[in-house]
Every structure is written in C-alpha cells, then in structure tokens.
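Participant: In order, the protein sequence lines correspond to chains L and B. For what it's worth, this note's numbering labels the leading residue of the first sequence as 3, then goes sequentially. For what it's worth, this note's numbering labels the leading residue of the second sequence as 5, then goes sequentially.
Because the hints were derived from the structure by calculation, they are not lab data. What you were told as hints is all true, and nothing was included just to trick you.
No more than 25 Å apart at the CA atoms, straight line, and that leaves these computed lysine-lysine pairs for DSS-like:
1) LYS96(B) with LYS99(L)
2) LYS173(L) with LYS96(B)
3) LYS99(L) with LYS173(L)
4) LYS97(L) with LYS96(B)
5) LYS586(B) with LYS114(B)
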Amino acid sequence: MSQETTHAHHEHPDVVGSRNRLGVILIIVADVAMALSILFVYFYLKGQNVNNMWLPAATEEVPETVPVSSMGALYIAIISGFGMLLNRYALQGAKAKNQAQLTLGAMIAFAMSVIGLVYQIQQMNSAPFTMRMGAYASCYYLIAGLNALHLALTAFISLGNWNRARLGLYKTDHWHVEIIQVWWIWMTVSAALGAFALSFT
Amino acid sequence: MTTTMGRTASAGHSAKSPLIEKLNVFTAFGLGIILAVVFYVLAAKLIPEDTDAMLIHTKHDQIILLAMIGWFIGFMVGIGALIGPFRWLLGKDLSHDENMFYAGKDLGTKRYFRYTTDHKVVGIQYLVTTMIIFGVGGILAMLIRTNLGNPEGGWIHPQAYNAIVGIHGIIMIVGTIIMITGPFGNFVMPIMIGARDMAFPRLNALSFWLIVAAIPPILSSFFLGGIMTGWTAYEPLASESPAGMDGYIMFICIFAISTMVAGANITATVVRMRARGMTWNRTPIFIYGVVASVALALPAFPVFFLSQIMSAFDRAMGTTFYNPAGGGSGWLYENLFWLMGHPEVYVILLPAIGALMEMAPVFTRRPLFSFNVAVMGIAGICGLSALVWAHHMYMSGWAPLLNGPFMLTTELISIPTGMLFLVLVGTLWRGRLWLTVPMASIYALLWNFMVGGITGIYLSDVPADGALHGTMFVTAHFHYTLMGAGLTGAIASLSYWFPKMTGRMLDRRLSWVSFWMVQIGFNVAFMGMFLVGLAGQPRRVEAYNAMFNRGNMVTTAGAYVIMTGMLILLFAVVDSWRNGIKASDNPWFAKTLEWSVPTPVPLENFATLPVVTTDAYGYGKAKS
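If we strip away everything but chain L, and leave its shape as in the complex, we get:
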C-alpha cells in the first residue's frame, strides 16, 4: 500500500499554522452551537411565556421586571468590534514586519478586551432585576454571562498576544495573530447576536 519517503521531520510554520487555524475554527464551531442554543433558549421561553412569567408583573414582595435596553449589549459588541479591528491592525504590522505597529495593535486590543469585560460585569451588577425574577431575567444573565466568559478568554489570549509581540516572537511567522483574529471575529459576532436577541423583549 505504501512506500517510504524522505520528508523532512520538522514542519513548515505555515503547515503548523494552517492546522492550528482549523483546530481553532472547529472549537469555535462548538462555541457557535452553544451560542445558538442560548438564542434558542431565549426565543423559546419568550415565545412560550409560561404562566406570563417572561416578564413578571409586580407583586407585594417583588417589583415588576423591567427589561434592560439592548444598547448595553450592543456597546459590548462595538467594543469587541474595535478590539477585532485593532488586532487586525496588529496582524498587518506583523505581516509588514513592523514591530511597533504589531505591539501597539496587540496592546490596545488587549485593553479593549479588559474594558469590555469590566463594562459587561458592571452591566450585570447594575441590572434592575436579579436572575431569580422570571425567565427574561434568567436569559439576560445567561447571555451576559456568555459575553463575560468570552471576554475573559479574549483578555487572556490578547494579553499573551501582546506579550509575545513585545518579546519579538512573531518575527518569523505570524499565524498566532491570524488565529487570534479568527477568535476576535467570532467574539464580535457572538456579542452582536446577544444584542440582537436582547432587542426583543
């Protein structure tokens, strides 16, 4: 069936990069399935409105659940979008062997992920309801929680990206930055999907 060849033992960085890119895309596929499931949960419970408890009316003990504006979630998507563009700026720097552009882009992209994370946590803390107050409130925290988880992961990745850029580790190849760009794109899309869902109350 086969014959032996004399392939070099070590692989070209582009081959490794291509494989790693596919791996990240496949993991994103799993994350997409989860994000779409969250949208399904949101619209299913909204559509069912079981016992009129999607947005419960006020009782003697508990105030009425007032939905939040979807603008907060949209701001998260916009911040993510800026982060994505900045990472792209860094990627262009890496391709052009411009170390200053690479480092600057990676640093500000990291800063955007931290700003997004802090803002998302602030939104969750200042929501005018608790997660016990009906199906909408539960779903709101689920979507916000996914955003926060994504942003925390992005902050970790972006910090590593910036540090590696700073140390000059992308001088010979830049597939790490390209892969991180794929993640940023999904992060932005995911935040936008969350904002889209929350615009239906």
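With chain L held as given, fit chain B onto it using these hints.
Facilitator: Frame of chain L; chain B shown alone:
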C-alpha cells in the same frame, strides 16, 4: 506500549523545568482534594444562609458545586494541564526537550500516570479507563438485575435503586461514547493515516484527563442523595432532586468539554495530517467512522453542556429556565437534551460499525464492498441524526403537529443504516472467511443491530410508541443498539488491535469463550426484556407485578452469563498483556498503515513518513 529513545538532553530540561517533572496523577488528586475542601469550607462560611422568604433554597447546592469546581481546578493544575497555556502567555514556549518529556520519552510506565502527549500512551490510558468505567457500570447493572430477580425487589432500598439506575445509565453512556474513539481513535488512527501524532498532542492529553477529572463528581453523587431521575435528568424533576444531581451536572459539563476538545483534535488531525497520497478515497473506512462520530459530537455536546449549566443555575442561583412557576419550561430541557441525545447514539455506533467494516476485508480477504456506499451511508446517518430528536418526546405533548415529520425522518434513517448493512454483507458474500473473534463479531453486529434497528422502527412510529414508551421494550431496544452493536464493535476492535497496542496476541481460546458467553447471555437477557416490555412492564421500577416474573428471571440469568463472559474477557486481557504469545508486526496480514510499523511502535511512529499509492483493501478483485 512504545519504545523510547535516548534521553540525551534530560539534564538540561531537568534544570529548567522541574515543575513539569513533578506533576502527575497523584499531585492532581492531591491538589484536587485540597482545593475541593478549601472551596467547601470557604463557601460554607461565606455564602449567606437561605431565608424562609426564598422560594428555592440554594446554599447547599452552591457549596457542593463550588467544592466540585475546586476539585476540577485543583486536578487540572495538579496534572499540569495549565502549564502549556501559561507558558504561551509568558512567551516561553516549551522547548524540544520539554515536548519530548511531555511525550513520555524515557519515562517507562510513569508516562501512563502523567499528562503525556504521545497519542499511543493516551490510547492506552483511554483503554484502561474505559474498562474501569464499564467495570463500575457493570457492577451497577448486576445490582439492578439481581434486585429485579423477584417481583418484590426489596433488598435494595427504592431510593438507592433509583440512584443505581441513574448512575449506571449515564456512566455506561459515557463509557460507550469513548470506548472506540478513545482507545483506538487515539492509538491507531494517527498511525493509520500516516501521521506522527495528533494535530494537538496537549489537547489530546487534556481530553483524557478531563474524563478522569469528571469521574469523582459522578461517583460522589452516591453520597449526596443519588441521581433520582435516570440518566436523562429531566427537568423540573432534576431541580427537585437531592444534591447528587450536582455530581451529574459537573460530570456532564467536564465530559462535554473533553468531547469538544477531542472532536476538534481528531477532525483537524484527519483533515490536515493524512499521509501524502492518502486521498479521501484511499482513507480507511474506520477513519470515516471516527471522524463522523466526533463531527457529530462537536456541535451536539455544547447543547448538552448548556442544558446542564442551566440546571446548575436553577439549582444554585434560583434562575427559572426550567421552573414553570418562574416562566421556565420542562420541554425546553427535553429539546436541549435530545438535540444531543439522538446524535449521541450515532456518536457511539459509527466508530463501531466503521471498525467492523475495516476488519471485514481483512478477514474475508476481499475488498470492501462499495466503499462509496459506506461513505454515503455514514454521511446520511450524520445528516439525518440531527433531525430526529423529537421522536423521544412524542408522548410528552410537545408539538404534536411535528410528530409526523419526526416519524418520517426517524424512519428515513433506516436507509443509510441499511447501506452500511449492505456493505458488510456484500463484503462477507463469498469471502474466504478467516473465523476470528473480530470476524464473528461482524455477524453478531448484523444480528444485534438488526434487532435493535427494527424495534427502533416500532418506537419511531407514533401509535406504537404510545403503547411502548416508558416500558422495558425501550430499554431492551437501546441495549441492542448500544451494547449489541456498539460494544460488540469495541470488543472486536480490542481483539483486532490488541497485538499492535500491547505486542501480544489476545488469548484465542478465552476470547472465544468470552465472545459466545457475552453474545448468548446478551440475547437471552434482552429478548426476555423485550417480552416483559411488550407485556407492559414499565422501566425504572424496583418492583413489578408477578406476571412479569418469568421474563425478568430470564433476563437476570442472561445478565449473569454476560457478567461471566466479561470477567473471562478481563482475565484474558490482563493475562495476555502480561504473558501472551508475542505478536508479529502484522499478525492479520492487513494492509492499513498501522500494521506497517514495528511493534512496539516507535515514539514518532514512522522513521520517514509514508506515501500512499493505493487504497487499503487490495486483497484481490471482488467476485459477485
């Protein structure tokens, strides 16, 4: 079982990275237990007490879940899973020597107890872990069957019986999911495609150790009130169950992460790392079975993961995803669960059938009958399996108008399944049969899967399901598919690849005795179960009407025969591994690449990578 190479640079990396060398399974368990206790104590002190005004009391579940999260974090830190990511973050990538250390170079048996990245070590780790999981699940099965030996049940408390049924169910499902892709997908698959390792060796080790980390939470549920819901953990029943459900939730969440990681890794490996010349038409059919399985699992398990995260939130945070009093819905859970639950059946079956289709040409000395039909059958099953989930919900009252369409899609899936039968029968037809245990397993699969498949058609039929749902008929049906077909394929795989994995032949006489005992016992046990199910005996009950006694006695007797057969197989595996006849490099005279490398397999599999020039089934021209 792999050879090791000279450790020329060990002094260097010892000085640089002592932490990597210190971490192993013992530090993982140690740190896991310590963090679990710390989290438990802190949570008990810091979380405010539940008040009478709260509709749902959550503190106990918060404490249990936090302790389990502590266990998980401690275990993963203790095994060394976080070293790679943090070294990447710091810009201090692992050196070649450190990567070789991770691959288990020169570590001997110690590498089986570490975060070892060599795919062959991971394969062996999966094999042993799967056997332990089946051992635990099997003991629970025998407890169930022994209790059902008489109509009054009685010697197991009903609550304990419920817990045993629930844990048996979920642990066996997980065992069957990993039983082929874990051991053989890891050990054999990269060699079979002509690769030196998996695409992401550290993720490979991660997927295995996540499963180890998941086992203590599920076993802890025995001591936390058990799993009272059966393996499906339907809501809102699960939210009202004791804290044992927290063990289930944690188990599923960790396992789902493992499955996602493994799915991405295996798919990337096959897509990107096949040997030069291995076109898709020359790729062995077993690879298709494995890739189809993980490709199905990749989008399916995140849905299951989410369903359990929401269960955890309902229990511990008071959210109302599934609680109708707060606007939630039990049907939501059922949808999310079965969106995973039915593709999961094929996640289990496809690698088993793929493995047997791989063996059929070897033991008939004929080409695989219609390779393209086999691929189309696998693809058809993958596509349709995502469109059948609601046949599990006919009687729940969810969307009655959709019953018809779901009945249709479910029955349509018999067509691609039939294509796989056709390929197997066509390959056997007029073949020069070499009657080995793997060969006999093909016949066993054809029979068992035919029974499981045809009874599945009855259950997919809405009127018939009205009478049969919730009975022992359903239990017998899915055991025929998952055990009769899936486990038969796994045991055949063990027998077939045992020589390559261990360097020894599996004891021929004992494996034949085991094969016949398991197959006869299995058919006796589950035919008896079909009969009592048809007569109306409900499932998940610890006592039953005396009219079902005879069928249950038959089933229990069959179960004891299976157990004896399995114990003989276990003895054969252990004894052959230690003292068996030494195997040649290619004892079956097969043509796939894994048989072209020496046994034991070198650390990097191939000294020089192969170039593939034909398919793996060139045993001569097929004669009709």
